[in-house]
Amino acid sequence: MAAFSKYLLISVPVVALAGIAALWWQLEKRERSYTEVGRVSSLIIYPVKSCKGIRVDNAKCFKEGMEHDRRWILLDENDIFISQRVDPKLALVVPHFEGGKYLCLDAPGMKTLKLNIDLPENQQESKRIRVYRVYGGGQYIGDEAAEWFSSYLKRPGCKLYKLSQPKLICEDEKWGDVALPGDKASFGNFSPFMITTEQSLVALNGVLPSPVTMERFRPNVVVDGLKAYDEDKWTKKIIKIGDVEFRFLKNCGRCSLTTVNPATGEKEGNEPLATLQRVWRVYGEGLYCGDEAAEWVSTFLNKPGYKMYKLSKPRVICEDDKWGDVALPGDKAAFGDFAPYLIATEASLEAVNTELSSPVTMERFRPNVVVEGMKAFDEDKWAAKIIKVGDVEFRFLKRCGRCQLTTVNPDTGEKEGDEPLATLRRIRLPEDRDPRQGNAPLFGVLVTPHGNTVGVIKIGDAVMVSE
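For the sequence shown, the residue numbers in full-length UniProt numbering are 1 to 467.
Straight-line distance between alpha carbons at most 27 Å, and here's what the computed DSS-like set of lysine-lysine pairs gives:
| id | residue 1 | residue 2 |
| --- | --- | --- |
| 1 | Lys60 | Lys114 |
| 2 | Lys332 | Lys233 |
| 3 | Lys332 | Lys250 |
Derived Cβ-Cβ restraints for the label pairs, each shown as a range:
| id | residue 1 | residue 2 | range |
| --- | --- | --- | --- |
| 4 | Arg366 | Cys104 | 48 to 58 Å |
| 5 | Glu77 | Thr299 | 44 to 54 Å |
| 6 | Lys236 | Leu405 | 26 to 36 Å |
| 7 | Lys111 | Lys310 | 52 to 62 Å |
| 8 | Arg366 | Gly206 | 17 to 27 Å |
| 9 | Lys375 | Leu405 | 21 to 31 Å |
These are computed hints drawn from the structure, not numbers from a lab. By construction, the Cβ of each residue, glycine as well, lies at the ideal position given by its N, Cα and C atoms.
Using the sequences and the hints, build the whole thing.
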């Protein structure tokens with residue numbers, strides 16, 4: 001595969017995307033060169049937000065998204081948009097277009113709903129509609145559509161609106177700084193287009209207990225021919241597909257909508273979201289441990305197909321697209337989630353246990369080093385510090401955000417409700433946490449050896465922190 005340049009070309013061997021290039025691009029006079037990295041394998045539009053998509057052979061691309069993509073949105077009686085996160089049955093609402101004039105919707109147990117694509121100019125109701133942090137404008141479709149959705153979802157007060165004024169991405173208070181003036185979107189959560197790759201799905205399915213389809217992720221464009229997660233390298237790039245040039249905005253964070261099975265319209269546990277939260281997009285390399293180990297693990301877990309690998313090449317931490325900026329060149333790790341070392345303190349565990357109805361042991365948090373003699377959560381003050389333990393100097397990377405693994409009882413191998421995670425979420429979401437940690441509660445700190453330091457640490461060693 002050719003190396004990435006500043007501009008990327010994705011070929012369209014059978015399909016063609018024609019559209020409107022942004023004025024910002026038209027004003028640029030310099031000649032661009034591109035490096036081919038893959039080819040389009042699928043194009044999908046989702047006419048009604050959070051309902052099923054339609055695969056197409058070609059699509060007109062406008063500033064606010066593909067033609068007809070997420071142009072309709074469903075609101076509840078409080079004017080809050082309804083998605084599969086709230087009502088998974090939307091996954092079974094199947095759209096199709098008839099004669100270029102009508103949008104038709106089908107759902108189990110319902111007669112076909114037939115809607116004019118174009119609304120009359122004198123439509124009586126328009127509304128500012130909020131999609132997360134940004135407002136767009138929409139026109140009320142009418143009572144027939146409202147009653148259809150209210151009946152299907154068994155949720156009175158539903159109303160369907162069609163986009164009349166796109167959202168301005170730069171108005172997003174959290175992510176608006178990645179946009180340019182004039183960047184806009186329909187009723188998608190943030191941007192007008194979303195691209196995924198076949199190989200990233202294959203890589204994800206390789207670590208899932210049961211594989212999932214691309215429908216879980218609701219992309220507009222699916223690309224074939226890349227290495228898994230190579231799209232992470234598109235930051236600050238221009239991506240050309242057919243006649244259309246796209247500008248990278250951000251990687252797509254995933255939510256509980258991915259847990260909805262698009263074939264059944266039901267949430268099914270916490271996958272693939274749990275695995276996505278566990279598996280970082282930074283690669284190490286491993287050597288296969290052999291069939292005996294694979295069969296042993298598969299038998300014990302009663303899940304065929306597992307394989308065991310031993311680390312042969314560490315992961316490079318600075319390649320992490322979310323947290324790589326806290327690392328320095330040369331920082332590396334084995335198969336831990338992020339950093340090579342996790343430090344926790346006895347006092348912090350005691351503080352958590354005083355809030356729990358049943359205390360837990362330090363095993364829930366899986367640290368490498370446990371420190372005594374400190375005040376609870378004083379390790380929070382180690383940011384930008386050097387921590388010396390025995391002969392080894394460690395550099396602070398970040399506080400450790402906690403996940404559902406803490407709910408597994410290490411003595412029984414079973415999940416036990418939502419503790420201690422629920423309590424941690426109540427007491428350990430400090431206001432000064434890095435916004436990238438979201439709602440993950442904090443316990444312990446992640447560190448890496450400072451410089452080329454190596455040495456030995458032992459029980460009883462003093463722990464010293466730089467001024």
